[in-house]
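J.: Sequence:
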Amino acid sequence: MPAYVIVDTKIEDPIAYEDYKAQARPIAESYGGVYRARGGDMDVIESDLWTPHRLVIVEFPSMEKAQAFLSSPEYAPVAKIRHAAAKCSLTITDGI
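Residue numbers (full-length UniProt numbering): 1 to 96.
The set of hints was computed from the structure by calculation and includes no laboratory data.
Only a predicted model underlies this, so the values are computations on that prediction, with no experimental measurement involved.
Just so you know, not all the hints are guaranteed correct.
Below are the BS3-like pairs computed for lysine-lysine, each with C-alpha atoms no more than 27 Å apart in a straight line [to be verified]:
| no. | residue 1 | residue 2 |
| --- | --- | --- |
| 1 | K10 | K65 |
| 2 | K21 | K65 |
| 3 | K80 | K10 |
| 4 | K10 | K21 |
| 5 | K87 | K10 |
| 6 | K80 | K65 |
| 7 | K65 | K87 |
| 8 | K80 | K21 |
| 9 | K87 | K21 |
Please model the complete structure; the sequences and the hints are all you need to start from.
T.: What follows is the structure, encoded as structure tokens:
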């Protein structure tokens with residue numbers, strides 16, 4: 001069953017965040033990740049619980065692959081760039 005990493009990002013350092021994006025994508029892809037949305041235009045219809053800033057959605061072949069990517073030694077230093085450059089909420093959800 002596929003799984004999706006969904007990240008809402010409020011970028012605070014756009015230059016550093018560009019570096020993050022360039023490094024994160026090939027690592028995600030090496031774990032089977034396919035970017036389905038990456039910061040495109042949004043039309044927020046309802047926002048009672050949450051008002052997103054910038055959404056990224058990456059599809060992985062399984063929950064295990066998504067978790068392996070996020071906890072991988074290759075991604076750890078790249079995640080530090082994201083943490084320094086942006087505030088984020090991140091979740092992994094099973095697909096159907």
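J.: Check the hint pairing K21 with K65 against an upper bound of 27 Å on the C-alpha distance.
T.: Measuring from Cα to Cα gives roughly 19 Å; hence the hint holds.
J.: Can the restraint linking K87 and K10 be considered satisfied, given a maximum Cα separation of 27 Å?
T.: Roughly 5 Å between the alpha carbons, so the hint for K87 and K10 holds.
J.: Is the straight-line distance between the alpha-carbon of K80 and that of K65 27 Å or less?
T.: This hinted pair holds, its Cα atoms lying about 20 Å apart.
J.: Compare the distance between the alpha carbons of K10 and K65 with 27 Å, and conclude whether the hinted pair is satisfied.
T.: holds (25 Å)
J.: Measure nothing beyond the straight line between the CA atoms of K65 and K87; if it is 27 Å or shorter, mark the hint as holding.
T.: Given that 27 Å is the threshold and the Cα spacing comes to 24 Å, the pair holds.
J.: Check whether the Cα positions of K80 and K10 lie no farther apart than 27 Å.
T.: Within the cut-off at roughly 15 Å; holds.
J.: Sort out whether K21 lies within 27 Å of K80, counting only the CA atoms.
T.: Since the Cα atoms of K80 and K21 sit roughly 12 Å apart, the hinted pair holds (cutoff 27 Å).
J.: Would the hint linking K87 and K21 be met if the CA-CA limit is 27 Å?
T.: Distance of about 15 Å is within 27 Å: holds.
J.: Does the structure keep K10 and K21 at a Cα separation of 27 Å or less?
T.: Status holds; Cα separation ~14 Å.
When held up to the earlier numbered hints, the structure conflicts with none and fits them all.
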